[in-house]
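Visitor: Okay, here's what each chain looks like letter by letter:
2 protein chains.
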Amino acid sequence: MKTYQELSKEELLALKAELEKAYEEEKGKGLKLDMSRGKPSVAQLDMVMDIFDVLNSDSDMISMEGVDVRNYGVLDGLMEAKHMMADMMEVPADHVIIYGNASLNIMYDAVSSAMTHGVMGGTPWGKLDRVKFLCPVPGYDRHFSITEYFGIEMIPVPMTPEGPDMDMVESLVEQDDSIKGIWCVPKYSNPQGYTYSDETVRRFARLKPAAGDFRIFWDNAYAVHHLYDETEQQDKVLEILSECEKAGNPDMVYEFASTSKVSFSGAGVAAIASSKRNLDCIRKTLTIQTIGYDKINQLRHVRYFKNFDGIKAHMRKHAALMRPKFETVLRALERELAGTGIGQWTNPRGGYFISFESMEGCAKAIVAKCREAGVTLTGAGATYPYGKDPRDSNIRIAPTYPTPEELAMATELFVLCVKLVSVEKLLEQMG
Amino acid sequence: MKTYQELSKEELLALKAELEKAYEEEKGKGLKLDMSRGKPSVAQLDMVMDIFDVLNSDSDMISMEGVDVRNYGVLDGLMEAKHMMADMMEVPADHVIIYGNASLNIMYDAVSSAMTHGVMGGTPWGKLDRVKFLCPVPGYDRHFSITEYFGIEMIPVPMTPEGPDMDMVESLVEQDDSIKGIWCVPKYSNPQGYTYSDETVRRFARLKPAAGDFRIFWDNAYAVHHLYDETEQQDKVLEILSECEKAGNPDMVYEFASTSKVSFSGAGVAAIASSKRNLDCIRKTLTIQTIGYDKINQLRHVRYFKNFDGIKAHMRKHAALMRPKFETVLRALERELAGTGIGQWTNPRGGYFISFESMEGCAKAIVAKCREAGVTLTGAGATYPYGKDPRDSNIRIAPTYPTPEELAMATELFVLCVKLVSVEKLLEQMG
Chain A
555 MKTYQELSKE ELLALKAELE KAYEEEKGKG LKLDMSRGKP SVAQLDMVMD IFDVLNSDSD
615 MISMEGVDVR NYGVLDGLME AKHMMADMME VPADHVIIYG NASLNIMYDA VSSAMTHGVM
675 GGTPWGKLDR VKFLCPVPGY DRHFSITEYF GIEMIPVPMT PEGPDMDMVE SLVEQDDSIK
735 GIWCVPKYSN PQGYTYSDET VRRFARLKPA AGDFRIFWDN AYAVHHLYDE TEQQDKVLEI
795 LSECEKAGNP DMVYEFASTS KVSFSGAGVA AIASSKRNLD CIRKTLTIQT IGYDKINQLR
855 HVRYFKNFDG IKAHMRKHAA LMRPKFETVL RALERELAGT GIGQWTNPRG GYFISFESME
915 GCAKAIVAKC REAGVTLTGA GATYPYGKDP RDSNIRIAPT YPTPEELAMA TELFVLCVKL
975 VSVEKLLEQM G
Chain B
555 MKTYQELSKE ELLALKAELE KAYEEEKGKG LKLDMSRGKP SVAQLDMVMD IFDVLNSDSD
615 MISMEGVDVR NYGVLDGLME AKHMMADMME VPADHVIIYG NASLNIMYDA VSSAMTHGVM
675 GGTPWGKLDR VKFLCPVPGY DRHFSITEYF GIEMIPVPMT PEGPDMDMVE SLVEQDDSIK
735 GIWCVPKYSN PQGYTYSDET VRRFARLKPA AGDFRIFWDN AYAVHHLYDE TEQQDKVLEI
795 LSECEKAGNP DMVYEFASTS KVSFSGAGVA AIASSKRNLD CIRKTLTIQT IGYDKINQLR
855 HVRYFKNFDG IKAHMRKHAA LMRPKFETVL RALERELAGT GIGQWTNPRG GYFISFESME
915 GCAKAIVAKC REAGVTLTGA GATYPYGKDP RDSNIRIAPT YPTPEELAMA TELFVLCVKL
975 VSVEKLLEQM G
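Sequence order for the protein chains is A and B. Sequential numbering from 555 applies to the first sequence in the numbering used here. Sequential numbering from 555 applies to the second sequence in the numbering used here.
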């Protein structure tokens, strides 16, 4: 089989005509599907509806520490919620603070308070001439939005299947004291589904940052979001807090996690894990910022899942739903695009995304073509700081929300758009 | 009856001996009561337990606009929640954004984002040499904590039974462009239970601030927290948004409200009301800050209360519980302290507090004496910026949390401590 690059102009023109016809047919189907974000499916949400039976009008509303969760009090989370989330993050419970419904909000608050009040007594970042963050790319658009919003300069660092390019991370972080942070999704990364190797985590832990207030923003969003049940088919990440402690950098990490993709998106429980010194500073801010987070929802979650084992059992049910979806997409990509030279993709074992690399300069056009035919993908470029993918090639595929049938149709359309745009690009290059 | 000031030294010494004996007896009772914050009582919380039966595993989780509340989406609140909270604030629903579980957090975010990003395109407050807030005193300590935290200079403005001293407010706000805000609790103010008069509200609305980004922080925390059911016994506040609009100042107010003292403290629904232009700016920040607030809890609240009428009906049940508590305190104060010249207090018709004014220089000692005998009151000074009551005379009494029996004992102790400390002060003054 020839790659598309090996086709003659005539062959390309013939192929184009054929693809255009198929595309018009696709458009006629009146598809209307939003695959722009990594959303749980209705079936996943239905699976957790029992959580609403956990609390009723007769329920005991007293926490294990004797707190009436319906009233004011308890700034940093119920002890039972700390235990559950700590186990998820593989850290001790006293290294955890429970927040509200969204870990993104914790990250925003962490950056915002660093801007106005500094990190652990350091100069407020807002008083500095330049503040920079490293951004492994492709990455999560909402991370980049936060740093962009605060005027923080973002430096892209290429991702590899082992994690960010650590030679580059080390050399930048250790030389430039205006680099204050790095955005990381260490497990089943967004969008590639890559998991940081042990060596990567150890190199992170051993960093000697020029800035004393440098922090790793460790967004462990997919800690338990495996696609496969067998342990050997599940990715693992070295626990970063203890690695940092061992390396003499105990305060260098903020780790974030939530049940947004375990229970409900936007109505789960979010948490931060960090050193006690960091947490003490965070608590001081919390005292000003809030009267406390929703303890009733914390109690509801703990009474439902019981503990981390309960979460793991629940996530196996998610996996059973999600695995076929990922496989549907991957099979179609393999069948239609393997050997064509017009696309590469990742094969994640967990998380919420598949990352697709088109030929250079084709991603925006592919996404536009899909949208024209009724399928909205994440905007091309979104996976890069400032929304600018320098190669215009990365596309994030989010297979979780559609039904398997919808997903099969959407993937068929996607593959078609990849082919059509690639043919157009090749013809354009021929002049 | 003589006032304490009219007593001779011998009379005071005799009284002191008698009071000291009584105080020792009180200490012996082993009271242990925390009245430091305005907390709903257990009975109030029990009244709303049915809210947990509203959602169960079979519930329809789709909002009136067709949104699955269990998934991502909807940044600024469910339409039905907007309607309910808008009615509470007497504004149109499109002037409302629903947040998370605490209005304090909205206020913090409003100040924080003004510091880093300015108000509606203005210079970030953090870039200015001086930023000042007016603080009606006595007032709410957590308001003052927010402005103190951000290094905002606080200028106390005396409260009157009609609201803040508006001559002073006008003259300061209209001359000094570094004054960017004022903290207001317009109805049943914290701690005095005063309600702003129509004239006060109109003078607020007609302000001509020197600073274009001056905002009134209108914390309508006790909008529906009446002690009496008859309309003529309930305080009313002119609706500030429309007054500001009429006066040509449509963007001058942020209004805050929540169900923290309607449903659950820390697990209710909070909201902001403001002009559409302000809300558009706030939404831009929210897009960065969060993936959205807890829509399930919003739905739970609306399905339970149905609408604002449901909230009003529920609050009449609160009133029935709270009225006797306020009356217990007020009766004891009247019986024991009227005509003594050693204390004055407010007679609120709603809200969560009674404000007590001791003789100058006695508040801290009274609070300390109460604590020594087992009753923790709000720290003296807390009702003033920086925790400094210049006269050391204001004490906030929070009668809502204790049972009626506990409250009777606590008030007895309080009155005793007021007498004892006053006698000591008068003797000290005699030398």
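Hints were generated in silico from the structure; no laboratory data involved. There may be inaccurate statements among the hints.
Which copy is meant is left open, because identical chains are indistinguishable; a pair holds if it fits in one copy or across any two.
[As the list claims (entries may be wrong)] Capping the alpha-carbon separation at 30 Å, the derived lysine-lysine pairs in BS3-like fashion look like this: (1) Lys918 with Lys838; (2) Lys838 with Lys681; (3) Lys790 with Lys838.
Visitor: Confirm or reject each hint.
Guide: Now the hints, each set against the structure:
1. Lys918 with Lys838: between (45 Å within a copy, 25 Å between copies)
2. Lys838 with Lys681: both (21 Å within a copy, 24 Å between copies)
3. Lys790 with Lys838: Intra 33 Å, inter 37 Å, cutoff 30 Å: neither.
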